[in-house]
Amino acid sequence: MSDLQTFREETRSWLEANCPPEMRKPGDVAWGGRNAQFSHPDQEIWLQRMGEKGWTCPTWPSEYGGGGLSKEENKILQEEMGAIGARSPLGSFGIWMLGPALLEFATEEQKKEHLPQIVKGEVWWCQGYSEPGSGSDLASLSTKAVEDGDHYIINGQKIWTSYADKADKIFCLVRTGPQEPKHDGISFILIDMDQPGVTTRPITLISGKSPFCETFFDDAKAPVKDLVGGLNKGWTVAKRLLEHERTMISAMGLSGGGDGSKKTKSGLAEIGKKYAGTNSDQKISDFALRRKVAMHDLNSRAFGLTMQRVGEETKVGAPSPAAAMAKYYGTEHNKLRYELMLEAMGTQGIGWEGEGFSMEELQITRDWLRTKANSIEGGTSEVQLNVISKRVLGLPDK
Amino acid sequence: MALILNEEQQSLKDIAREFLQKNAPVTHFREIRDTKNELGYDEALWKEMVDLGWSGILIPEEYGGFDFGMVGMGSIFEEMGKTLTPSPLFSTGVLGASLISLGGNNSQKQSLLPKIVDGSLTTALALEEGSRHSPFSINTKAVKDGDNFKISGEKTFVIDGHTADLLIVAARTEGSTDDSSGISLFLVDPDSEGIEITRTSMVDSRNAASIQFKDAIVSSSEILGEQNNGAGILEEVLDRAQIAISAEMLGNASQAFDITLEYLKERKQFGAVIGTFQALQHRAAEMYSELELTKSSVIAACNAVDENSNDLKRMASLAKFKAGETNYLVTNEAVQMHGGVGVTDEYDVGLYMKRARVTEQIFGNSEYHLDRYATLSDY
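As they're listed, the protein sequences go chains A and B. At position 332 of the first sequence (counting the first as 1) the number is 332 in the working numbering, and the numbers step up by one without a gap. Offset between the second sequence (1-based) and the working numbering: plus 1000.
Calculated from the structure, these hints are not laboratory results. Fair warning: there could be bad hints in the mix.
[Claimed, not checked] Okay, derived cross-link-like pairs now, DSS-like style, lysine-lysine, Cα gap no bigger than 30 Å in a straight line: (1) 75/A <-> 144/A; (2) 233/A <-> 75/A; (3) 1354/B <-> 292/A; (4) 233/A <-> 209/A; (5) 390/A <-> 182/A; (6) 1265/B <-> 390/A; (7) 1313/B <-> 283/A; (8) 398/A <-> 1268/B; (9) 182/A <-> 120/A; (10) 144/A <-> 233/A; (11) 398/A <-> 1265/B; (12) 1022/B <-> 182/A; (13) 111/A <-> 25/A; (14) 1313/B <-> 75/A; (15) 1265/B <-> 239/A; (16) 390/A <-> 1268/B; (17) 25/A <-> 209/A; (18) 1313/B <-> 274/A; (19) 292/A <-> 1313/B; (20) 111/A <-> 221/A; (21) 182/A <-> 398/A; (22) 1313/B <-> 335/A; (23) 1313/B <-> 390/A; (24) 25/A <-> 390/A; (25) 1354/B <-> 1313/B; (26) 1354/B <-> 1022/B; (27) 1013/B <-> 71/A; (28) 1013/B <-> 75/A; (29) 274/A <-> 335/A.
Just chain A, same shape as in the assembly (with noise of 0.2 Å):
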């Protein structure tokens, strides 16, 4: 038997064993934190476990807490997960955002104290880069951090901090070199948000209730020891976090349908027969929504195998040339996505709420509002083409 097999067997048998019923049907996922929340007794059991194990970081070296699996193992393990529909144990922009930048450019000392604590859920950490005058242009923000002692003082103003009401620390940009171009003055640092210095603002989006906050540094403090990368280098860490951030984002494009599976049945085209109609073939009865439909499943299809494509030529934990491309193209076909539902549902897709529409008509049409910031956020679709086409087109400034 090859190792990989032993791999598969020993990963069943323990996830037979460890995974609790609760956790093998669909639901929320745990996201940790000091004042972690639980929705049913089997989660905190499963992140228990699983951050034991490291397998809430899989890939990540074991020294660090990580599972120290290589990329086949990985895969494996998600496959053994998905047979017995395991739910993911945490979500965390540490383990998506933070920890992979960490693993790159942390200290020793600094991988030490904040990846098993990533690993294990203990913190939940949110992400402090957008300010108001500084959306795409990230590099001209001006949140400042002044040198005092063994601290920084921080003053400024973050906005789009997801969770910022709910998190333990954030990781954040800020300036540190006002008279340095802009690029140049810039550091990464780790804030934590219990202090009288930080506080928090929900934002209301379009579609509701979000956990979008704003958040307000006065005279916030860090230890100097919590700046990662080297003073004034923090724009090559953001650059990086943000290329994973991308991949994360695209990946949404997927759970939207755009995987690449054999699964025979289209949600779309389900949703289009219900509203729609079928007429005597069973063919969707609006003839121009079919085709839209069909046109929209066929780019699903071709996006989700060359994400399956780019992860095979890509190195575990590096982030892809191609993350751009697919965080382009992931954000927008989610969006055409929740407009053909919408064009399908007619009357029904526009309530906003109460009677005369199911939960899930509600939910769609929230949904379809929320995907609108899609290809805002983590960089507009018009940073990505601009990305894409000097990155990986090689085309000129000037």
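Given the coordinates of chain A, assemble chain B onto it according to the supplied hints.
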């Protein structure tokens, strides 16, 4: 299913690229076009392709072939798409080889397949009858007459129809026009009496022909597969042919894109290289994204052939749809971004656009495959 080439496949692709770029670059195609070459391709070049084993890639080893699979064949077609190389590889190495190996009886396979492998036989499939792909709309009739059949009707857009040594003709032996049953495939000697072949000059200067059958006599023993059951074989072969031509279309679009990208980096207007203009950069980035999706669709479809996937039909339609859409987008943009020189015969981009429109029509355009995909997905 892997979506990247293995070592053997990569090496075949590298060899194909080197061979074609050295022996059959676009200037080679131009020469064939400008000298109005009777054959429509260079016989010596075809002989070399045969020597490289390309005509036998899809043929099982027991008939002298190499059984190397569609991923390998697709790689060659992608490279031929980049160089616009004319050859009978599609009509013979894909269509003929697949029709005979999937549909033929043992003696047909034994007598014909080794000849395809050694280059002594070229074939053409006479299928279409109208201006739009509709594989089972067959009016050409084959009427039983003793031990023979008499074929009457007209076929169009027969690729390599005027040069092939052997025609494979889809004719109706039963039923009415659109029935999928009642179609039989006949192996027909193009020199038989009652056959008139007219070469049609297409916009891409590649081979196609119209063929008239007037009581052409063919023996019952020349039926490929079973009488009345030709549709099943045809479907299987068309899936493969659609995938091979999609690979060529991917190469066609990739090359048109690369040429354009180079042009954007060197052409100056308003005192700047035009590649610095965001209006062009974003369009280039969108083309890149579509090319990436097309690349994945084509290799996945090639894999589906080699792995005998039960989803092969949908994968074939995915590849042809994506390749068609992307080739349309990229070749139009390539001409536009070249400006004035883009519409001159001297520059190559126009040649890629012309070839794109012809390949789009081969065995179903994007809309055909969109509809087919939806039908196969039960909506």
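Hints versus structure:
no.	hint	in the structure
1	75/A <-> 144/A	violated, 42 Å
2	233/A <-> 75/A	violated, 34 Å
3	1354/B <-> 292/A	holds, 27 Å
4	233/A <-> 209/A	violated, 36 Å
5	390/A <-> 182/A	holds, 20 Å
6	1265/B <-> 390/A	holds, 11 Å
7	1313/B <-> 283/A	holds, 18 Å
8	398/A <-> 1268/B	holds, 11 Å
9	182/A <-> 120/A	violated, 36 Å
10	144/A <-> 233/A	holds, 15 Å
11	398/A <-> 1265/B	holds, 10 Å
12	1022/B <-> 182/A	violated, 50 Å
13	111/A <-> 25/A	violated, 34 Å
14	1313/B <-> 75/A	holds, 28 Å
15	1265/B <-> 239/A	holds, 26 Å
16	390/A <-> 1268/B	holds, 18 Å
17	25/A <-> 209/A	holds, 26 Å
18	1313/B <-> 274/A	holds, 26 Å
19	292/A <-> 1313/B	holds, 20 Å
20	111/A <-> 221/A	holds, 21 Å
21	182/A <-> 398/A	holds, 19 Å
22	1313/B <-> 335/A	holds, 28 Å
23	1313/B <-> 390/A	violated, 38 Å
24	25/A <-> 390/A	violated, 44 Å
25	1354/B <-> 1313/B	holds, 27 Å
26	1354/B <-> 1022/B	holds, 23 Å
27	1013/B <-> 71/A	holds, 27 Å
28	1013/B <-> 75/A	holds, 29 Å
29	274/A <-> 335/A	holds, 21 Å
When the structure is compared with the earlier hints, violations turn up for hints 1, 2, 4, 9, 12, 13, 23, 24 and for no others.
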